[in-house]
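Asker: These protein sequences, in sequence, are chains A and B. Each residue of the first sequence is one higher than the one before, starting from 1 at the first, in the working numbering. Each residue of the second sequence is one higher than the one before, starting from 1 at the first, in the working numbering.
A few of these clues could be false.
Any copy will do: because identical chains look the same in the list, a pair fits if it lies in one copy or spans two.
[Claimed, not checked] As a list, the in silico BS3-like pairs of lysine-lysine whose alpha-carbon atoms are at most 25 angstroms apart:
no., residue 1, residue 2
1, Lys148, Lys109
2, Lys164, Lys114
3, Lys43, Lys181
4, Lys112, Lys101
5, Lys123, Lys44
6, Lys59, Lys112
7, Lys37, Lys181
8, Lys101, Lys44
9, Lys134, Lys43
10, Lys112, Lys148
11, Lys191, Lys123
12, Lys134, Lys37
13, Lys191, Lys101
14, Lys174, Lys59
15, Lys175, Lys43
16, Lys139, Lys44
17, Lys101, Lys134
18, Lys123, Lys3
19, Lys59, Lys148
20, Lys59, Lys175
21, Lys43, Lys123
22, Lys123, Lys109
23, Lys112, Lys74
24, Lys148, Lys134
25, Lys164, Lys101
26, Lys44, Lys174
Just so you know, these hints were derived from the structure itself, not from any lab.
Number of protein chains: 2
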Amino acid sequence: MPKYVVHYFNGKGLGEPIRLLLAYGGEGFEDHRIAGKDWPEFKKNTPFGQMPYIEFDGKTYAQSTSICRYLGNKYGLAGDTPEEALEIDQLVDLFIDFRLKAAAVTYEKDEKLKEQRFEEYSKDVFPEHLERFKNLIEKNNGHFALGKLTWADFYFAGFFASLKFMVRIPDLEKKYPAFQKVLDHVYSIPKVKAYADAVGPTEF
Amino acid sequence: MPKYVVHYFNGKGLGEPIRLLLAYGGEGFEDHRIAGKDWPEFKKNTPFGQMPYIEFDGKTYAQSTSICRYLGNKYGLAGDTPEEALEIDQLVDLFIDFRLKAAAVTYEKDEKLKEQRFEEYSKDVFPEHLERFKNLIEKNNGHFALGKLTWADFYFAGFFASLKFMVRIPDLEKKYPAFQKVLDHVYSIPKVKAYADAVGPTEF
């Protein structure tokens, strides 16, 4: 039986960063994917009515960022000093600010408001954030933080398909070659590549 | 010259958890408060156009949660094992989910939509979250996590005035005595109390 179980939908989203880190760690994990139709029932037994969550040593933990930081620490991907860990954390939180703005538009229930906000955000909020991360990644030699491989790269790479979906730019990594560099740094790791190849393409 | 400088508005909000942790740490800090009218100009020189941010050892770091985690680690308030650190992180992230939902309503620019959503959220989202944290805190002996003092208590206590403002329940700590317990645990620490007494009341 593998040490870890990851519970998430059959897509990348917020589950994929965790899966990529576990693939990197190489300890083995059960990749439990829940079909959308089974979610309402499955939800009742989740820690906080949320996915992803992870199970190990008889305990469950939710919240993707927290789990990624934990695994990052475990696998030597969380910086060499407390200040480096802080540098990673602040950049990931900055990315989450962006992710949440994009998500607020994407999951807005009022269709008219959704399209209106999308148009608004596409003019300033999205380009500003994309530009900021492009500059940061260029400064960091194709990495998200610290100029080296950290769990922030896995977070960004794992979530990238969802980001493209939310900002509606299907060739985002072509428009921003810096982003492709982060993807390459993560997916060129043999264990990560083996995992990704085995799963094959998913919609997002 | 104190080791740390904290830059934030003259209110509690997301700056106060950092100030409370620094007061606890006792290394000394400059509490730089920026008046609302000066913010547009000051903003130009901030790391990412955001406050709070902190300065030390010639570097700046933004993002309140990241800074609190860093200080929590430094002052022995981040759990005794990586799994305890994860437990704190997931609960803080869960609280942030709530904070962001409340903030999305509070800072909605469309007044009509704002009041409509506030009414909606007051029926289910807010009570569900408040009930959840009440139960968690009761389970944790009046602490936010792990049944003991952690940086999560400081995060909750520091942000509490803003939370009350956002959910519009001025006597929130009376309706939920569990919340008062967390406040008491933090503000009864002599160094923290001395800081809070010196600052005096602020609006939120």
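Asker: Which hints, by number, does the structure contradict?
Answerer: Numbers 1, 3, 6, 7, 10, 11, 12, 13, 14, 15, 18, 20, 23 and 26 - these are the hints that the structure violates, sorted from lowest upward.
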